[in-house]
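K.L.:
Single-letter residue listing:
There are 2 protein chains.
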Amino acid sequence: MRQAERSAILVSGWHRMSYIYEDGTYVSRELEKVIRKLHSVVGNAVTDNRFVIFGSGTTQLLAAAVHALSLTNSSVSSPARLLTSIPYYAMYKDQAEFFDSAHLKFEGNASAWKQSGRNDNITQVIEVVTSPNNPDGKLKRAVLDGPNVKTLHDYAYYWPHFSPITHPVDEDLSLFSLSKTTGHAGSRFGWGLVKDKAIYEKMDRFIRLTSMGVSKETQLHVLQLLKVVVGDGGNEIFSFGYGTVKKRWETLNKIFSMSTRFSLQTIKPEYCNYFKKVREFTPSYAWVKCERPEDTNCYEIFRAAKITGRNGNVFGSEERFVRLSLIRSQDDFDQLIAMLKKLVYHEEDVPSENFMYI
Amino acid sequence: MRQAERSAILVSGWHRMSYIYEDGTYVSRELEKVIRKLHSVVGNAVTDNRFVIFGSGTTQLLAAAVHALSLTNSSVSSPARLLTSIPYYAMYKDQAEFFDSAHLKFEGNASAWKQSGRNDNITQVIEVVTSPNNPDGKLKRAVLDGPNVKTLHDYAYYWPHFSPITHPVDEDLSLFSLSKTTGHAGSRFGWGLVKDKAIYEKMDRFIRLTSMGVSKETQLHVLQLLKVVVGDGGNEIFSFGYGTVKKRWETLNKIFSMSTRFSLQTIKPEYCNYFKKVREFTPSYAWVKCERPEDTNCYEIFRAAKITGRNGNVFGSEERFVRLSLIRSQDDFDQLIAMLKKLVYHEEDVPSENFMYI
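Quick mapping for you: the protein sequence lines, in order, are chains A and B.
To convert, note that position 216 of the first sequence is 216 in the numbering used here; the numbers rise steadily by one, no gaps.
To convert, note that position 78 of the second sequence is 78 in the numbering used here; the numbers rise steadily by one, no gaps.
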């Protein structure tokens with residue numbers, strides 16, 4: 001850097017390196033355009049008549065969305081209830097309990113709430129629908145409806161490498177995450193598609209009051225990345241990604257098919273509009289069940305075998321389940337497979353010669 | 001980008017572009033080192049025996065710090081009170097009211113609280129000390145003490161371009177902001193120096209639950225920037241910055257010295273350990289008072305003269321005050337000066353020839 005350039009940092013910074021862009025928002029309009037284009041080429045979401053909101057990861061947008069939806073609760077004195085399906089992404093519960101707002105209470109299981117008759121059309125309810133679901137990779141629909149129900153859709157995993165793209169989603173409030181689109185988790189970038197202007201404005205205020213918008217370095221990098229992705233209609237990255245995860249699932253399925261002790265989630269193949277064929281689901285996580293009655297803590301059984309998963313109870317489920325991540329480096333995955341083989345090999349009823357072909 | 005590189009984005013991303021660095025934290029240790037070095041060369045803060053925490057701007061760290069301090073309130077049923085001095089940075093109030101936590105209530109004026117006798121050593125109190133203060137640029141000290149008082153120091157403006165560096169601050173919890181250090185507001189980067197491990201860990205959890213850490217693109221950029229700054233002991237950027245703001249204050253003081261209608265804050269010069277001389281304060285904002293009894297809304301009077309400031313009531317003060325920003329581009333500043341001249345020129349008792357020398 002020359003001296004003049006260096007000295008110019010400060011004063012030009014006060015203008016051009018501001019919190020906001022020239023239109024007074026913290027959102028790069030160029031990046032917004034590329035994101036709309038991305039959804040259009042992938043066919044996973046309708047972006048017409050939607051506001052696009054940016055956040056420091058879907059993490060921040062989740063908090064913003066739940067906050068905004070809980071504030072529409074003006075006429076009722078009791079806090080809005082946050083509901084979802086079991087197993088669920090732990091962040092929903094963690095955030096709700098951590099913020100400890102007067103307007104929100106984490107309640108958990110939407111189906112149980114419905115059956116209990118507590119869905120009285122008076123208590124405000126926010127249902128989070130994660131589709132494909134974390135941890136089990138299944139496509140999900142809302143359980144609740146009614147005038148008192150607001151639905152928040154977390155579509156972080158609704159990309160061709162993880163799931164058939166069955167239709168373009170067309171919901172009131174949908175969230176997406178760069179970390180699951182291109183893998184850049186460390187960039188902390190997510191976005192939301194929001195139909196209702198009042199909800200959008202409340203979310204925008206949340207983002208401003210918690211971080212004054214989203215890093216411009218990040219927005220610039222994401223713009224470059226997504227331009228490459230949409231450049232060939234996503235073909236290269238999604239074909240590569242799908243191929244990679246599919247191969248991992250084939251390996252995994254082979255191992256688990258020899259086991260009577262452990263089982264994997266199964267999901268029926270569906271037609272994928274993106275790849276124009278019926279295809280398997282290839283979720284980012286294996287949701288493993290320990291089938292033996294005495295194996296009550298599946299996490300500990302895997303940990304003893306040097307495999308670190310996440311305990312099913314983190315997802316509001318039983319300890320009989322453990323989540324294993326498949327979206328790691330190839331080295332980490334190979335290590336996982338080596339350890340899994342040892343674990344299944346030691347089951348009494350598995351013939352050792354079966355392992356030759358994995 | 002070659003095809004192999006592009007395809008590698010996805011899977012390598014799942015490993016190397018993770019939320020966390022290799023040590024399991026979201027904090028670049030290289031950047032942490034440069035920040036400690038920066039405080040040491042500027043002499044504005046002691047960093048020994050401190051945890052360094054990163055946030056998406058001081059905005060996020062403020063929320064994290066207030067949250068962490070309010071949670072130490074376990075034995076008491078009433079919420080902690082958030083206190084500060086008037087005039088204060090509006091964000092403190094806005095955040096506290098927006099999050100509407102069961103553990104915190106914004107109360108406002110620390111001196112009034114002290115005098116009211118409500119400082120009963122039982123109710124937990126968090127005092128925010130902003131030094132130099134936003135909006136008036138004055139150095140501040142805590143008003144309250146006692147076993148029930150936690151103090152949070154916002155040192156965003158404690159840099160040589162804005163203030164004499166009178167001593168290295170050595171407090172329990174201090175916050176700093178890149179936007180006021182180098183001007184890169186849009187990067188959304190701030191940091192805190194935290195003495196107490198339990199408070200640090202609560203803040204860390206807040207950052208994880210609201211954004212899963214801080215953008216790596218940002219951290220990389222900030223590392224490059226601050227390496228340049230510490231490279232010459234900050235000499236070039238702080239001399240340039242101080243020179244620029246000083247010149248702006250000289251112009252401003254000339255204009256206001258001709259006015260009987262408006263007055264500016266005054267702060268006595270102090271010895272600056274960084275520049276090794278007694279020097280004027282050169283705050284980032286002018287805190288203007290409308291002196292005429294009939295000028296009850298100073299913001300509106302400036303607005304009518306095409307000068308957009310911020311109303312004093314935003315800072316918990318009277319509408320008789322308005323805050324004008326001096327940390328804008330040279331063009332914006334020149335525009336401000338042109339409009340100010342017109343405004344003061346039209347005061348009846350100012351001779352027009354005085355304006356020739358500004």
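Any given hint could be a false lead.
Copies of one chain are not kept apart here, so a pair can be met inside one copy or by any two copies together.
To be verified - Here are the simulated lysine to aspartate or glutamate pairs, EDC-like style, with alpha carbons at most 16 angstroms apart:
{"#": "1", "residue 1": "K195", "residue 2": "D172"}
{"#": "2", "residue 1": "K289", "residue 2": "E319"}
{"#": "3", "residue 1": "K254", "residue 2": "E280"}
{"#": "4", "residue 1": "K276", "residue 2": "D295"}
{"#": "5", "residue 1": "K138", "residue 2": "E270"}
{"#": "6", "residue 1": "K289", "residue 2": "E318"}
Bear in mind the hints are in silico, worked out from the structure with no lab data behind them.
K.L.:
Hint by hint, note whether the structure agrees.
P.N.:
Checked hints:
1. K195 to D172: within (5 angstroms within a copy, 45 angstroms between copies)
2. K289 to E319: within (9 angstroms within a copy, 65 angstroms between copies)
3. K254 to E280: Within one copy only: 15 angstroms inside, 75 angstroms across.
4. K276 to D295: neither (42 angstroms within a copy, 70 angstroms between copies)
5. K138 to E270: within (11 angstroms within a copy, 66 angstroms between copies)
6. K289 to E318: within (9 angstroms within a copy, 64 angstroms between copies)
Of the hints listed earlier, the one the structure fails to meet is number 4.
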